[in-house]
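Protein chains: 2
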Amino acid sequence: MSADDRMRTPERAPRRDTTVPDVLALLRAELGERVDVSPASLEAARADKSGHASPGRPLAVVHAASVADVQATMRIAHATGTPVVTRGAGTGLAGGANTGAGEIALSVRGMDRILEVRPDDLLAVVEPGILNADLGDALAAHGLWWAPDPASRAISTVGGNIATGAGGLLCAKYGVVRDAVLGVDLVLADGRLLHLGHRSVKGVTGLDLTSLVIGSEGTLGVIVGATLKLRRLVPGAVCTIAATFPDVRTAAVASAAVTASGIQPAIMELMDASCLSAVHALLALAPPAPGQAQLTLQTDGPAAIVEADAIAAVLRDAGGTVAVSHDRAEGERLLAIRRSMHPAMETLGTTLIEDVSVPRSALPAMFDEIARIERDRSISIPTVCHAGDGNLHPNFIFDGPDVPPEIWDAADDLFRAALRLGGTLTGEHGIGVLKRRWLADELGEDQWELQRQITAVFDPTGILNPGKVFTP
Amino acid sequence: MSADDRMRTPERAPRRDTTVPDVLALLRAELGERVDVSPASLEAARADKSGHASPGRPLAVVHAASVADVQATMRIAHATGTPVVTRGAGTGLAGGANTGAGEIALSVRGMDRILEVRPDDLLAVVEPGILNADLGDALAAHGLWWAPDPASRAISTVGGNIATGAGGLLCAKYGVVRDAVLGVDLVLADGRLLHLGHRSVKGVTGLDLTSLVIGSEGTLGVIVGATLKLRRLVPGAVCTIAATFPDVRTAAVASAAVTASGIQPAIMELMDASCLSAVHALLALAPPAPGQAQLTLQTDGPAAIVEADAIAAVLRDAGGTVAVSHDRAEGERLLAIRRSMHPAMETLGTTLIEDVSVPRSALPAMFDEIARIERDRSISIPTVCHAGDGNLHPNFIFDGPDVPPEIWDAADDLFRAALRLGGTLTGEHGIGVLKRRWLADELGEDQWELQRQITAVFDPTGILNPGKVFTP
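Heads up: the protein sequence lines correspond to chains V and Y, in order.
Sequential numbering from 1 applies to the first sequence in UniProt numbering.
Sequential numbering from 1 applies to the second sequence in UniProt numbering.
These are computed hints drawn from the structure, not numbers from a lab.
Watch out, some of these pointers could steer you wrong.
For identical chains, the list gives no copy identity; a pair is met inside one copy or between any two copies.
To be verified - Derived SDA-like pairs: lysine to any residue, alpha-carbon spacing no greater than 25 Å straight-line: (1) 49 / 457; (2) 173 / 422; (3) 49 / 237; (4) 173 / 53; (5) 229 / 253; (6) 229 / 179; (7) 173 / 413; (8) 173 / 313; (9) 229 / 422; (10) 173 / 138.
These figures come from a predicted structure and were not determined experimentally.
Next comes chain V alone, as it looks inside the complex:
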């Protein structure tokens, strides 16, 4: 099956043993007022923050308040063959939680309690709906910290972070979600509850299903709880380094030089000229010089100051104009520019945000490829990049709700370039609906089929997020 065939394949039709009114009646009988069919709620459940939406509206939004609510919903869905899309805060960027006609939107956003914090064991047990930033605030009171910090952390849930295998700004130094989850409680398609993983630092009993669930985008079960691996807050100074470069390629070469120097910054973010202009406009800052690209870095821990000075020297040698700040507030102000990237893109039009990740040494070559695609296709691709881990977010901007064919073609060109450079389709956003057409190109047909069979072990009747990630 070619990628084109997959593009033409319609989404898997749900098995239906029951009529829609029956499903609603069953849900209401079990869950009462947690079943929400208000037009505003149904409309909101169609979309995430990718700017893309399902063609139709779901049957209902179920606002689960407990594991039992989730199990009841899944038992009804299983019995009636009704598809279920699990949703947190709806901040995904690949359409993975978009819910369409005939489907139940199962929201776990209301399950937002912290059940346990253990400073002595460096773990916390949480419900999936808690916001990443709210968890961070609660943990800080104990001197603790859950490292994954997607740019969306103020508005995205921990459950969503786990379901997408979210990344963030600190990954090169402090790891990705996979490194920070010890266990997951999972409700299966038929409503049974499994406890995956462990509470200890080490544990190799059986297959590592916790890791399998991380990044599975709602295709294996509903995450109803998580045991998180915590860190202690890093003591000492935080230094922020801002460096501007005459063009993006020079900035990319400079970032690769930092990585090659052996000093590990906590954060190293790159913004190209289009991004920088858009953010400066959004924040009402003075416009940057034409073509100017920016690197923003932070160092932390006991060697923060020494490392910041060493990095500044590398960046100057690479042609940068460099300023170092030891002030935390100033550092936050500089990083706010980076965190405003997504809202700034939204001001320009509808965006298709790509998420390719390449080995760090290939970063300059990847920016060359982006420049080539811009030239070849006469389009602008504003790009921001987690330069410390080689993860780029090139943004394709267009008018209207649907991705035009020429934008899909440009995205295809971009993805194939990343693959040629040893990279991957998605570093942290997931496949969802927006990237599913390329999944088999990266995995190969054999692995694609094997993965699909694994999802069928968890979900034999195909009711969990059908049409996402794997399209038959």
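Given chain V, work out where chain Y should sit, using these hints.
Relative to chain V, chain Y alone:
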């Protein structure tokens, strides 16, 4: 199905469409002199370092020198329904690579090349048969390091470390194998080759099958290559702290106090009095005081000296007699005592090495349980412990090749105590044959069945390491 039922269930009989001479003839026709039927090789393939062996001898040992050799072997095994047990250096401690009658021992020990080292991308691509310590030596020349360091690192292979999800001494600070592998090349039961994972820091394309393979103990495929996530060698001093305590419980409380203090040592090892005596005898050192237990710790990185002093203060407050050394050679000498633990146990008799792991705060309670089991059953259970991550190795010593029923009963008591304390059956050694009877007790029947179904997706005819981990 109860644990007792599982204990009585015989190992799964291999499907056989062909006679033994046919299988050998097919292997020889494809692989020539790589097919080894010498009595010494067949005998060696029956056992690992657990001290336990399969009842019979395998059909043959195939010494694979390439991915193509592995694929050829698996195609023949698949066509003839012959079970295959993958082996590295045979240093496992759970019997996972023990090969018995009617089975092919597929050794990848000869595939020991380093294919690529990328300091700029902090990755290496290796074949599975390279010894962990040999890889370490080669990487050190680049200023690099693969963090997983099982106590067996001088004699165990990287492929075996991945297949068992091996741990080691440095896990609390520097992570386990799962944290240090980006991708795995896997030959499936039918001989097809899959490339799992990625070369970039981030990557969430599809399900995380790399993590699923880590710790799968030869049940999902044959690991023929790995892309490893490296660290830079940690610069600066290494400080070693040795502390003795009047009894093991005081030492355990002291180690929990170090963890709770928020200082993260690189290594924190605990040895009880029986272990310490046995190792001192093996190394011809003066005998320790009766009942004396020992903690050995190391700190590293830019704050090593400050942290060592702070840890020493915590240990003294907890009743320890403490010595701090800033000399690397002296530190290595102190750690050599810990690394001699397994050889020392071998001098006492046959050992059944347990591997329970508990949340770090539960360490003193777990030592209380071990003392209770020793009292109740009038046995000695020499115990060494990776105290930094709550992973204990209680050793049951007995005469002769087979575990006596009363030792199985004591091990059962121990495991159930660990589970009550929020722990797990195996922190780093794996299930193999020695712990399979308890697997469903920890996972629950539903998860056990789900995991078994996942193995069937990879290995539909059940030829990969049958009878290990999952017993039907």
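Here is what the structure says about each hint:
1. 49 / 457: Close neither inside one copy (30 Å) nor across copies (35 Å); limit 25 Å.
2. 173 / 422: within (21 Å within a copy, 30 Å between copies)
3. 49 / 237: For residue 49 and residue 237, neither the intra-copy (34 Å) nor the inter-copy (48 Å) Cα distance is at most 25 Å.
4. 173 / 53: neither (35 Å within a copy, 43 Å between copies)
5. 229 / 253: between (34 Å within a copy, 22 Å between copies)
6. 229 / 179: both (8 Å within a copy, 13 Å between copies)
7. 173 / 413: neither (31 Å within a copy, 41 Å between copies)
8. 173 / 313: within (20 Å within a copy, 30 Å between copies)
9. 229 / 422: between (30 Å within a copy, 15 Å between copies)
10. 173 / 138: both (23 Å within a copy, 24 Å between copies)
Of the numbered hints listed earlier, those contradicted by the structure are 1, 3, 4, 7.
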